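Input sequences plus hints: build the corresponding full structure.
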Amino acid sequence: MEKRKIKFLIGSLVIVASIAWLGFSGFDESLAYYKTVDELKLMKGDAYDKRLRVAGNVVAGSIERLPGAVKFRLEQKGDILPVSYIGKDLLPDTFKDGAQALAEGHLTRHGEFEASKIQAKCASKYEATYNTKEGKS
Amino acid sequence: MLALVSDFGQFCMLFAFCLSAYAAGSSFLGGKLGNRRLVVTAERSVMAVCALVTLTVGTLWYQLLNSNFGLQFVAQNSNRAMPWYYKFGALWGGQEGSLVFWCWILCLFSTVAVVLNLKKNRNLMPYVVFVISLVTTFFLLVNNFVANPFDMIGVIRPGGGPATPFTPMDGRGLNPLLQYWAMVIHPPILYTGYVGFTIPFAFAIAALITRDLDEEWIRTTRRWMMVPWLFQGLGILLGAKWAYVVLGWGGYWGWDPVENASLMPWLTGTAFLHSVIMQERKGMMKVWNMVLILSTFLLCILGTFLTRSGIVSSVHAFAQSPIGPYFSSFLLLMISLSLYLLLTRLDSLKSENRLDSVVSRESSFLFNNLILLASMFAVLWGTIFPILTEYLVNEKRTVGPPFYNKVNVPIGLFLLFLTGVGPLLAWRKTSMQSLKRNFTVPTLVALATGVVFFAFGMRHFYSMMCLILCVFVMCTLIAEFHRGARARRRQGESYWEALWILTFRNTRRYGGYIVHMGMVFLFVGFAGAGFNQEAQKELAPGDSISIGSYSLTLEQVKNADNSNYAAAVGIMTVYRNGTLVDTLLPERRFYRSSEQPTTEVALRSGLKEDLYVVLAGFNPDNNKAIIHAYLNPLVSWIWMGGLVFMLGTMICLMPDKHERALHKAALPSEVEELAKV
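If you read the sequences in order, they're chains A and B. In case it helps, our numbering puts the first sequence at residues 1 to 137. In case it helps, our numbering puts the second sequence at residues 1 to 677.
Honestly, the hints are just simulated from the structure, not real lab data. Please read these numbers as outputs of a predicted model, since none were measured by experiment. Ideal Cβ positions, reconstructed from N, Cα and C, are used throughout, including at glycine. Keep in mind that the hints are not guaranteed to be accurate.
Unchecked claim - Here are the simulated lysine-lysine pairs, DSSO-like style, with alpha carbons at most 30 Å apart:
no., chain 1, residue 1, chain 2, residue 2
1, B, Lys-429, A, Lys-121
2, A, Lys-117, B, Lys-241
3, A, Lys-88, B, Lys-282
4, B, Lys-436, A, Lys-5
5, A, Lys-7, B, Lys-350
6, A, Lys-5, B, Lys-286
7, A, Lys-71, B, Lys-558
8, A, Lys-121, B, Lys-241
9, B, Lys-406, A, Lys-50
10, A, Lys-96, B, Lys-624
11, B, Lys-406, A, Lys-121
12, B, Lys-429, A, Lys-5
13, B, Lys-119, B, Lys-558
14, B, Lys-429, A, Lys-7
15, B, Lys-350, A, Lys-3
16, B, Lys-537, A, Lys-117
17, B, Lys-537, A, Lys-96
18, B, Lys-282, A, Lys-5
19, A, Lys-121, B, Lys-624
20, A, Lys-88, B, Lys-350
Claimed, not checked - Among the chain B residues that face chain A by a calculated CB cut under 8 Å, a handful are:
no., residue
21, Ile-371
22, Gly-400
23, Thr-599
24, Asn-619
25, His-628
Stated by the list, open to error - Computed, partial: chain A to chain B, Cβ under 8 Å:
no., residue
26, Arg-4
27, Lys-7
28, Phe-8
29, Ser-12
30, Val-16
31, Ile-19
32, Leu-22
33, Ser-25
34, Gly-26
35, Ala-32
36, Tyr-33
37, Tyr-34
38, Arg-65
39, Asp-89
40, Leu-90
So this is what it looks like as C-alpha cells:
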C-alpha cells in the first residue's frame with residue numbers, strides 16, 4: 001500500500017478508536033435498565049447494584065415533600081414501589097398525582113427506591129373519557 | 001356550517017391523496033416511456049395537490065378558530081379560553097394536525113421545485129416528481145386513513161349500535177407547556193427543515209435512476225440542501241430556547257430522543273454541505289455524497305417514526321399511536337430503494353482524483369466528515385439502544401446524557417479546531433511557509449487568552465479548551481476578511497466598502513466564514529455550561545437568597561388569575577454587589593382546563609451571564625415560596641450564534657459573481673433554444 005494512504009488510514013483509525021473508547025466509557029457510566037414497577041418486583045435480588053429507570057403511575061395523595069427529599073409511591077399493575085427523590089433538580093411540572101413517572105436511580109436494601117432524576121408525563125385523562133369511533137385515539 | 005366546512009376539508013384531503021398517487025404513477029411512467037405529456041400532467045397534479053392540501057389546512061384552522069369541539073382533534077388541542085394565536089398554533093400541537101401541516105409544507109416545497117425546474121433538469125424531473133409524490137402520497141395515506149384530523153368524537157352506547165356524534169362544551173386545550181411564543185414558530189421552522197430534505201433526496205434518487213450523475217444535479221441539490229439545513233438548525237435552536245425558558249430546569253439541551261432525532265439529519269446535512277465542495281472542485285467523494293443525501297432524508301423519516309409512534313419515551317413524544325407500523329414500513333421501503341439504486345450505480349460514481357497530503361484542504365474535509373458522522377452514529381446508537389435491547393434481549397436498556405456528552409464534547413472541540421484550520425489549508429498540499437503565515441498570530445493570541453483565563457482561576461478543562469479554540473478560530477476568520485479587504489483597498493475602495501463587496505462577490509466563501517463565526521458564538525455559549533451555579537431556598541416575604549454576586553429578595557407574592565389559568569407571582573428585587581439592578585417576576589401557573597401546573601421562568605439575560613429564577617412552588621407546612629436560582633454564564637451567545645448562523649447561510653444562498661455570470665451567459669442560449677422549438 002502507498003505511504004500516503006497509510007497515513008490517512010492511521011489518522012482515521014486513531015480518530016475512530018478514540019471516539020469509540022470515549023463512547024464505551026461513557027456508556028458504562030450511564031447504562032440503565034428500564035423496568036416498570038411490576039417488572040422490578042420480578043427481578044428480586046438482581047435489582048440491587050444496578051442503575052434502573054422505573055416507570056409507573058404516581059399514586060394519588062402519596063406525594064410528601066420533606067426537607068431534602070420528596071417521597072411518593074409508584075404503581076403499576078397492582079404492584080407498589082415507595083420512592084424517595086433526593087436529586088437536586090426541580091421536579092417537572094407534569095409530576096403530580098396520577099402522572100406517568102420515570103424514576104432513575106437504584107433500589108436500596110430496604111426496598112425503597114432512591115431516585116436522582118424524575119421525568120413525568122401527564123396522564124391523558126381526556127383520551128380515556130372520550131370513546132371515539134372505531135377506537136381511534 | 002362548521003360541519004359542512006369540515007366535510008369539505010375531508011373531501012379535499014381524500015382528493016389530494018388520489019391525485020398525488022396519480023402524480024407518482026404518471027411521472028414514473030412518463031419518465032420510463034419518454035412521454036412528456038404524462039410528465040406534464042404529473043407536474044400539474046403536484047400543483048393541484050398543493051392547492052387541495054392548502055384548502056385542507058385552511059378548513060382545519062377554521063375549525064380551530066371557531067372552536068368546533070365536535071372534532072376530536074380540536075377538542076384535544078384547543079379550548080375557548082386560549083388566545084387566537086395559540087388556537088392557530090394548536091394545528092401542530094397534536095399528532096393529526098401536525099401531520100397535515102407537515103404534508104402541506106411538503107406540497108409547498110414540491111410546487112416550488114416543480115416551478116423552478118420547468119426549464120431546467122428536464123431529464124431528472126419525471127423521477128423527482130415521482131419521489132416527492134410518493135412521499136406526499138404516504139403522508140396523505142396516513143392522514144386519511146390512520147390519523148385523521150377530521151375524526152369526530154363519538155359516544156358508544158352500551159349494547160352497541162353506531163356511535164352518535166357528541167360535542168363537548170369545551171376542549172382540553174393546548175398543552176400549557178406549548179403555550180409559548182417560540183413554540184408557535186418552532187414546529188413550523190423545524191418541519192420546514194425535516195420536510196425540505198425530501199427535495200435533495202428526490203434529486204439524488206432521480207440522478208441515480210437516470211444515471212445522469214454529472215455536475216448539474218449536484219449544483220441544484222446543494223442549494224436545495226442548504227435551505228432545509230438552515231431551517232433545521234434554526235428549529236433546533238428555537239427548541240433549545242423553548243426548553244430553556246419554559247421547562248424551568250435551567251438547561252437548554254438534554255439529549256432527549258426527540259432532540260436527537262432533529263439533530264441527526266442536521267449533522268449529516270452539515271457533512272454533505274462540506275464534502276459537496278470536494279465533488280464540485282475535484283470530482284471526489286461522489287458515493288459518499290450520495291450516501292449523505294440519502295441518509296439525511298432517511299434519518300428524517302426515522303426521527304419522525306421514533307417520535308410519533310410512541311416507541312421512545314420523551315417529554316415531546318406524541319401519545320402512543322397506531323401510525324408506527326406505517327412509518328416503519330415506509331422507512332424500510334425507502335431504505336431498500338436507496339440501497340438498491342446506490343449499489344447498482346456504483347460504477348457511475350467513480351472518483352476522478354485522489355488524496356495527496358494529510359495537511360491539505362481535502363483531508364480537512366475528510367476528517368470533518370468522519371467526525372460529523374461519528375457524532376451522528378453516537379447519537380443514533382444512544383437513541384435506538386432501548387429499542388434494540390428490548391428487541392434482542394427482551395429487556396429495555398437506556399443510556400443517558402453522560403454517554404452523549406462524553407462522545408460529543410471532544411468531537412465538538414475537534415470540529416471547532418477544523419473550522420479554524422480547514423479553510424486556510426491549500427488544496428492538494430500546504431507548505432510550511434503558508435502554515436506559518438496563516439496561523440502564527442491566531443495561535444499566539446489563543447495561547448495568550450488561555451494564560452489569562454488560567455491566571456483568573458479558570459480550571460474547567462473542556463470549557464477552557466473550548467474558549468481558547470473559539471479565540472483561535474475567530475482570529476483566523478477575522479484575518480481572512482482583513483486580508484481580502486486589504487487586497488481590494490488597493491483598488492481605491494474604503495475598508496468597509498471593500499469588506500462589503502468582497503462578501504457579496506464571493507458569497508459561498510465569505511458566507512461560509514460567517515456561518516463559522518456563528519458556530520464560534522455557539523461554542524462560546526456551550527463553554528459557559530462549565531461554570532453554571534445554582535442555589536435553592538425556601539423564602540418568606542422579606543427573605544433573601546444569594547448566588548454569585550447577586551442577592552435576591554422576595555418582596556411579596558401576588559395572585560394573577562385569568563380565565564385560562566390561576567397564577568402566583570413572586571416579586572423579587574435583585575441586588576448586585578449591594579446595588580438594586582432589577583426586579584424579577586417568577587411565576588407559577590395552574591392551567592384550568594388541563595389541570596396542569598407550569599413554571600414561568602424569570603430571566604435576566606446578559607452577555608456575561610443569565611440569572612434564571614424559578615418559583616418551584618410553596619411548602620405546604622409553612623407556606624414559604626420555594627425558589628431555585630441558576631447563574632448560567634454565556635448562554636445568550638448561543639442565541640446570538642443562531643442569528644449569525646442564519647445571516648451567514650442566507651449570504652451563502654445568494655448567487656455569487658461566477659453564478660451571476662453563468663446565468664447571464666445562459667440566458668441568450670436558452671432564448672435561442674426556445675426559438676428553435
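Here's how the hints hold up against the structure:
For the given pair, B:Lys-429 sits about 56 Å from A:Lys-121 by alpha-carbon distance, which is inconsistent with the 30 Å threshold. Of the pairs offered as hints, the one joining A:Lys-117 and B:Lys-241 holds, with about 22 Å between alpha carbons and a cut-off of 30 Å not exceeded. Between the alpha carbons of A:Lys-88 and B:Lys-282 the distance comes to roughly 54 Å, so the proposed pair goes past 30 Å and is violated. Distance hint between B:Lys-436 and A:Lys-5 is fulfilled; the C-alpha atoms sit about 26 Å from each other, no more than 30 Å.
A threshold of 30 Å between alpha carbons decides the hint, and for A:Lys-7 with B:Lys-350 the separation of about 22 Å falls inside it, so the pair holds. At roughly 19 Å between alpha-carbon atoms, A:Lys-5 and B:Lys-286 fall within 30 Å of each other, so this suggested pair holds. The suggested pairing of A:Lys-71 with B:Lys-558 holds, with an alpha-carbon distance near 29 Å, which does not exceed 30 Å. Restraint check: the Cα-Cα separation between A:Lys-121 and B:Lys-241 comes to about 21 Å, which is no more than 30 Å; the hinted pair holds.
Of the supplied pair hints, the one linking B:Lys-406 and A:Lys-50 holds, its CA atoms being roughly 21 Å apart against a limit of 30 Å. This hinted pair checks out: A:Lys-96 and B:Lys-624 have alpha carbons roughly 20 Å apart, not beyond 30 Å. Annotation: proposed proximity of B:Lys-406 to A:Lys-121 holds, straight-line Cα distance about 28 Å (limit 30 Å). Proposed proximity of B:Lys-429 and A:Lys-5 is supported: the alpha carbons are some 14 Å apart, at most 30 Å.
Restraint check: the Cα-Cα separation between B:Lys-119 and B:Lys-558 comes to about 65 Å, which exceeds 30 Å; the hinted pair is violated. As the CA atoms of B:Lys-429 and A:Lys-7 are separated by approximately 14 Å, the hinted pair is consistent with the 30 Å bound. Simply put, B:Lys-350 and A:Lys-3 have alpha-carbon atoms about 22 Å apart, close enough for the 30 Å limit, and the pair holds. In summary, the hint linking B:Lys-537 to A:Lys-117 is supported, as the alpha carbons are separated by about 19 Å, within the 30 Å threshold.
Note on B:Lys-537 and A:Lys-96: the hinted pairing holds, with a Cα-Cα distance of about 21 Å set against a maximum of 30 Å. Restraint check: the Cα-Cα separation between B:Lys-282 and A:Lys-5 comes to about 18 Å, which is no more than 30 Å; the hinted pair holds. Under the criterion of a C-alpha separation no larger than 30 Å, the hint pairing A:Lys-121 with B:Lys-624 is consistent with the structure, at around 27 Å. A C-alpha spacing of about 56 Å is found between A:Lys-88 and B:Lys-350, which places the hinted pair above 30 Å, so the restraint is violated.
Hint status for B:Ile-371 relative to chain A: holds, with the closest Cβ pair at about 6 Å, below 8 Å. A least Cβ separation of about 4 Å between B:Gly-400 and chain A falls short of the 8 Å threshold, and the interface hint therefore holds. Annotation: B:Thr-599 was flagged as interfacial toward chain A, and the flag holds, the nearest CB pair being 6 Å apart, inside 8 Å. At its closest, the beta carbon of B:Asn-619 sits 7 Å from a beta carbon of chain A; the interface hint therefore holds under the 8 Å criterion.
Given hint, B:His-628 at the interface with chain A, holds; its Cβ is 6 Å from that chain's nearest Cβ, closer than 8 Å. Taking 8 Å as the C-beta contact cut-off toward chain B, the hint placing A:Arg-4 at the interface holds, the least distance being around 7 Å. This hint holds: A:Lys-7 has a C-beta 5 Å from the nearest C-beta of chain B, less than the 8 Å allowed. Taken as an interface hint, A:Phe-8 checks out: its beta carbon lies about 6 Å from the nearest beta carbon of chain B, inside 8 Å.
Restraint check, A:Ser-12 versus chain B: the minimum CB separation of about 6 Å is within 8 Å; hint holds. A distance limit of 8 Å between C-beta atoms decides the matter here; for A:Val-16 the minimum to chain B is near 7 Å, and the interface restraint holds. Because the beta carbon of A:Ile-19 sits about 5 Å from the nearest beta carbon in chain B, less than 8 Å, this interface hint is met. Look at A:Leu-22: its Cβ gets to within about 5 Å of chain B, closer than 8 Å, so that hint holds up.
Nearest Cβ of chain B to the Cβ of A:Ser-25: about 6 Å, under the 8 Å cut. The hint holds. With 8 Å as the threshold, the beta carbon of A:Gly-26 comes within range of chain B, its nearest partner Cβ sitting at about 3 Å, so the hint holds. Interface restraint check: A:Ala-32 against chain B, minimum CB-CB distance 5 Å, threshold 8 Å, status holds. The beta carbon of A:Tyr-33 is positioned within 8 Å of a beta carbon in chain B (closest approach about 6 Å), and the interface hint is therefore held.
Interface hint status for A:Tyr-34: upheld, as the beta-carbon distance to the closest one in chain B is roughly 4 Å, under 8 Å. Look at A:Arg-65: its Cβ gets to within about 7 Å of chain B, closer than 8 Å, so that hint holds up. At its closest, the beta carbon of A:Asp-89 sits 6 Å from a beta carbon of chain B; the interface hint therefore holds under the 8 Å criterion. The restraint placing A:Leu-90 at the interface with chain B holds, with a minimum CB-CB distance near 5 Å, inside the 8 Å limit.
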